[in-house]
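Please model the entire structure based on the sequences and the hints provided.
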Amino acid sequence: MTPTWNSKKDESIYKAAGAMHLRKYGEFFENLLEKSWKGDSTLEYIIEGPLRLVYKTTEDIGILSLVEMENKVLSKLLAAVAGTCREIRLLKVEAAGFYAKLFAHGERMDDDLAGVAKLLSDLLDLSVFTNRMSAVVHLTTQQLASLSGAVHEIYLPVLLEGFIDLFVILVTLDEIVDAQPAILDQWKKYRMHVRSMMHNPSQFGVAGTKLETFDHLLKDLQEKLLRKNMFLKAIEHVMDVNKGAVMSEQIVSYLKNMITDVESKSNDCAALNRNWIRANVGVAVVIKLFGACDRKLIKRVTEANKRFYAVTLVGNVMWVPSKFLSDVVPKETGNAVLGPQLGEKILQARTQRLPVTVNNLIQRGTSWCVEMQSIVTRTNLQVSDIGQKRTLLTDLLALLSQMRETVAFVTNLHASLSRPMNRGTVQLICRLMELQKSLQTMFYALGPVVVQSQAQVLQYLAYYMLVMLETARKALVQRDKGYSKDRLDALSLIGLSMRLIGGPASADRRLIVRCALACATQLTDTFREEDVVKLRFLLDSYDAVAELYELVDEHGDYSLLLHHQNMLPAYLSSVVDGNTGVCHIAHLFAAFNSAVGEQEFAELRVKRIAELRESLVKNVLKPACHEIETSLRLHVHAHLKLDSTNPFNIGAKDGGRVVRVPPLPLAENMICTKRFVEHYLNDMFYNLTTVALHDWRTYRTMHALASYKMGLDTVQDHLPTQTLEQGLDALEIMRNIHVFVSRYLYNLNTQTFVEHSSGNKHLNTIGIRHIANSIRTHGTGIMSTTVNFVYQFLRVKLHTFSQFLFDEHIKSRLMRDIRFVRAQREAGAAPYTYERAEKFQKGIRKLGMTADGLSYLDQFRQLITQIGNALGYVRLIRSGGLHASSNAVSFLPDIERTVPFESLCRGLNYSATTQAAARRLENDIDDLVRNFTEGIQYFKLLVDVFASAFRDAKSYHLQQFYAIVPPLTLSFVDNSVSNKEKMFKKNQTGAAFTDDGFAMGIAYINALLDQSSELDGLHWFKTVEQHVAQERLAAERKDDNGDEKLQQTRALTLQRLTERNAEFQLLYYSLSGARVFFKQPDT
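Each residue of the sequence shown is one higher than the one before, counting from 1 in the numbering used here.
Fair warning: there could be bad hints in the mix.
No farther apart than 27 Å at their CA atoms in a straight line, the calculated lysine-lysine pairs in the DSSO-like style are these [unchecked claim]:
| id | residue 1 | residue 2 |
| --- | --- | --- |
| 1 | LYS1022 | LYS842 |
| 2 | LYS331 | LYS306 |
| 3 | LYS842 | LYS797 |
| 4 | LYS299 | LYS243 |
| 5 | LYS243 | LYS92 |
| 6 | LYS256 | LYS331 |
| 7 | LYS265 | LYS306 |
| 8 | LYS233 | LYS219 |
| 9 | LYS299 | LYS331 |
| 10 | LYS256 | LYS299 |
| 11 | LYS118 | LYS189 |
| 12 | LYS72 | LYS474 |
| 13 | LYS534 | LYS618 |
| 14 | LYS674 | LYS607 |
| 15 | LYS954 | LYS982 |
| 16 | LYS210 | LYS189 |
| 17 | LYS982 | LYS842 |
| 18 | LYS982 | LYS940 |
| 19 | LYS811 | LYS797 |
| 20 | LYS485 | LYS76 |
| 21 | LYS76 | LYS243 |
| 22 | LYS233 | LYS288 |
Since the hints were made in silico from the structure, they are not lab data. All figures in this text were calculated on a predicted structure; none of them were measured in a lab.
The following block contains the structure:
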């Protein structure tokens, strides 16, 4: 190199070369990212996948190799301290497992021996753990005493921190046991069982000495672990160690630094809690070990206790430091226990600030997600990007810790003070936990990006630390050329730190670097105060980034959801009551899964899952289903204009907000809210349509609306749209023919029976298709059986008919009427007058009335109607048979020509079985064709079977029947008009529009008696027509003199006459048609 060469002139060359290498470095990670990770799942930001990419450094180099340097004594000292601190770190991890086990045993309420046996096993393990803790505490105390001696007076904050943390673990175990009284209760019951066995050990096959030994063991475990004295016993265990004033000063100095840190972060509870706990425990340890403590320190700690009151140690264990100090060292701390009033005041203040806090955290969390996503899309890596990544990673830890502290403090202090939590606070707490879980899930979903950023940030921080150490080393070399022993040791320690920082960021390396730099700063004054502060900040950031995944898991503790699970129903119901989206509850369920997955006992896990599932169904899914059903119903019945549906007046809810929720993870299952709502609607549509078939159109419309408005895919119920096509079964009607003819009304033209009255919203009908279906179901044999049943029914009814006409009151009146008819014929006048029929009707009424207001004539009319209904049913059976036959015959190509199947099979030499089947087929086809073409004249059979008895001379009283027909028609018309008027009234009981059974009955009895000429000779319907015409003419000619009331009366009279005339004409037509069935001419 020439003397004129100046490297400063070419700094741009070095920067360009560095930028090029950095760009290549970034491109390498981008290519690796594209090959190793693709986000295809839509649930990746809600549910973590089966794989997780983490950054974890492991190396096989031992501590002795790592601390190797020229000064062997200093090297051994660093190795000893590093080994102790590593053991403390491992004990912290192991202690967390015991915390979970103690909580699980505290939640068990059963007294089964299996649970107690598990408790005994875990307490034995805990006893071994506390023994190990005591040994490590003793060893650490000895090391601190040695480091504060005359030979090596070295102040190591790392070792002091580990020393205090050991006692924090013991305090935490004591508080957990004290907060779980169920453990001690189970233990005492178990000891009672053991003592009861000691009275008769032979019964259980156990030696008495073994039981006594076992009981002593149980007693020792209880005294050691369940008396809240693990902390005090550990202190007693180290009282024999030779401790000096320097050691006390070092611990007090460390505690002062801790309380100073607490005072400087008074607005950030998440950052100060750990040091605040250490300060309180440390003061108690110093007072117990050395008998006294700095009064200013005690005062500062007491002031901090007044300001913050309580802190969460783990889970739902709320620790009040002032109470702890008053219990352990009451004399030195003034026995000043802070009352719950202070706690309520602090809780009220935190609760009032909670909305602002939560909104701030939500905003910061959202910003973190956006910025983290933006880093993914960047292509060219710059140094400033690495600085931004470091900020993002440390910000994530700060966010998670603040969320965890806020949730734990508010919920646990409410429970500790037995204060009810209002609904708004519950919503904010649960939303905060959702945000906490969503950030954690986002962190894991961006696994490759985070790992890449982690490696870059670690190198970035290592570079800055190496620059600072190199500067200090050069300054140390240039300042003193004599190289004193302390100076050489400081150089060795700095060189060791630089060598360790240049390697992977393992826990041992980072620990040794802290110890080495602490020693170096005490051996020389090269490091300025601001350099020490900056170096400590870089080391803290280096540790945080290196332990990023462990810290995220630590902050992602959702066990409070299990300890305070009674919050969840209130929160879930408030979510549904609101009108905002509810998709965010998926994060709450993911947080619950994280917590329940760490539950120690399977039965407790199953119980927790069942409780949350029940809360979800009760507070979210069912209310949402009812809300959606109500919305669909109101939409369908909007035409009824029930209430105002203006959303600007009554508000509007988005019914699909629950449907759009992604599948909710619960343990190993996924709960799909959309499927739940669809299943509910399917059940509702099907069940209600089954109950009320006439409402089928309403539910079909609701089904279409659910699909259109919310995308719900409900199942078609495939139910009939009206009543069942089968109708009432013909066999059932046949067996109850007497009930059927009295409850149904016959229509002659449509051959339909209509139910007279019903308690339902609909009336059953029986038509030809229904009977045809029954015949197809049961076979044509039921037709003859039905006619036989009708024959038996007619025998009974016709006997009653004969008895009525044989009655003296009726027979005498009919004889007078017949004589009157003959006299009228001889005189050439109308054979039977309208007034004569009215007189007969009134005379019968005088004989008596039933409770329903029916005269004997009305009952006789009903008897004839029932006879006619039975005959109408016979006609319906015959028509149904023809209908069924025609449907079957339609499959025959030609009914005129039949195929000889049997002869064809014989000609083809088919088997005898096949020939028999062919013969059976021919017979069935012949029967089918005969039934379709010929049929049976059932009416002729029923007339012939009774005609001889009716026309016999002994039955002369029956021959007078034609004379009672006119009064019967008057009774029928009166009843028909009354029934039709009821159809237009509110009370429709007894309403009817058809009753042709009366005409069928008159025609049938007339055929039995062969009285066609006598009936026609009355000219009754012509007489009625003339009478109505005279009445109409008289009403029209009547002078009303302009009186409005008389005009109304005349209008009503004319309307009545018109209706009665129409009814008489309708009866005449029906009777004429019915007489055709019995082969009687119409005159």
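Which earlier hints turn out false for this structure, listed by number in ascending order? Violated hints (numbers, rising): 13, 15, 18; every other hint is consistent with the structure.
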